[in-house]
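**Q** Residue numbers (my numbering): 1 to 256.
Derived by calculation from the structure, the hints in this document are not laboratory data. Note that this is a predicted model, so its numbers are computed, not measured. Some clues are possibly wrong.
[Said to hold, decoys possible] So the derived label-pair ranges between C-beta atoms look like this: (1) G246 / L119: 18 to 26 angstroms; (2) H125 / G24: 32 to 40 angstroms; (3) Q21 / G54: 16 to 24 angstroms; (4) D99 / L119: 35 to 43 angstroms; (5) D99 / D136: 29 to 37 angstroms; (6) K186 / G24: 25 to 33 angstroms; (7) R55 / L254: 19 to 27 angstroms; (8) P134 / V255: 40 to 48 angstroms; (9) K191 / Q21: 22 to 30 angstroms.
Ideal placement from N, C-alpha and C gives every residue a C-beta, glycine not left out.
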Amino acid sequence: MKKLVALFLFLSITTVFPQKQAYGDGEWFKFRVHYGFVTAGYGTLEVQNDYLDGRSVYHVKGEGKTTGLSKFFFRVEDYYESYIDKYNDRPYRFIRDIDEGGHTKDIQIDFDHESGQALVHNKKHQTKELVSFPADAQDMVSAFYYLRNNLDVKTITEGETIDMNMFFDKENYKFRLKFLGRETLKTNFGKVRCLVFRPYVQAGRVFKEKESLTVWVSDDDNKIPLLIKAELAVGSLKATLTEFKGLQHSFKILVD
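Based on the sequences and whatever the hints tell you, model everything.
**A** Structure below.
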């Protein structure tokens, strides 16, 4: 159970999405992860201006934690960071520092896009390893921001899929996103026009099937993730956006 909540806390802050710069310094999101009315935890995602090795970058910090009674049954305390190029949305550094019920990882990945190699530093086991990665690979955090800036939702058609290269820990894999269509979603902030996507996930221990995850994002220049719903082997889990600040564009709410 603790791994299910940990995974969903991460997905809630890292899943999803045009031609204007969709994000910038000061953007901040907070999500509530819940089973129905029962809150399992919270996740936050923040963007700050920073420098890395002389480059001007966006420093993104993600955090996910269980709360209340949930933390006594499946304690989760996860931290993710990504240093992203401001001009082409490529990651230069990715950090994953997690504690999930005593299962811990502390990994830093430095990407060299010219050589196509990543230096994977496992701080827990005190090892370093060079691993090749494909061109334009993203980490699990930078992928969200890359899609927001580069996916042209004005021309996308229902049923269309988008593939991208991902690098996680020390493995390469393909990430696929399917566009399901548009709909109006009732949110904490009012009714909002949304784009609906389905990330393809691995069926098995956690998800019921390959297409069990659905994501609603605002159909505007911000592409805010408003709701994430997962059908898991043990029931349905949701992540709902509860607070935000620092948007680059106006947030459009429908008035009846």
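**Q** A separate judgement is required for each hint: does it hold in the structure or not?
**A** Hints, verified against the model:
{"no.": "1", "hint": "G246 / L119: 18 to 26 angstroms", "verdict": "violated (32 angstroms)"}
{"no.": "2", "hint": "H125 / G24: 32 to 40 angstroms", "verdict": "holds (37 angstroms)"}
{"no.": "3", "hint": "Q21 / G54: 16 to 24 angstroms", "verdict": "holds (22 angstroms)"}
{"no.": "4", "hint": "D99 / L119: 35 to 43 angstroms", "verdict": "violated (24 angstroms)"}
{"no.": "5", "hint": "D99 / D136: 29 to 37 angstroms", "verdict": "holds (31 angstroms)"}
{"no.": "6", "hint": "K186 / G24: 25 to 33 angstroms", "verdict": "holds (28 angstroms)"}
{"no.": "7", "hint": "R55 / L254: 19 to 27 angstroms", "verdict": "violated (40 angstroms)"}
{"no.": "8", "hint": "P134 / V255: 40 to 48 angstroms", "verdict": "holds (46 angstroms)"}
{"no.": "9", "hint": "K191 / Q21: 22 to 30 angstroms", "verdict": "holds (26 angstroms)"}
In the structure shown, a violation is registered for the earlier hints numbered 1, 4 and 7, in ascending order.
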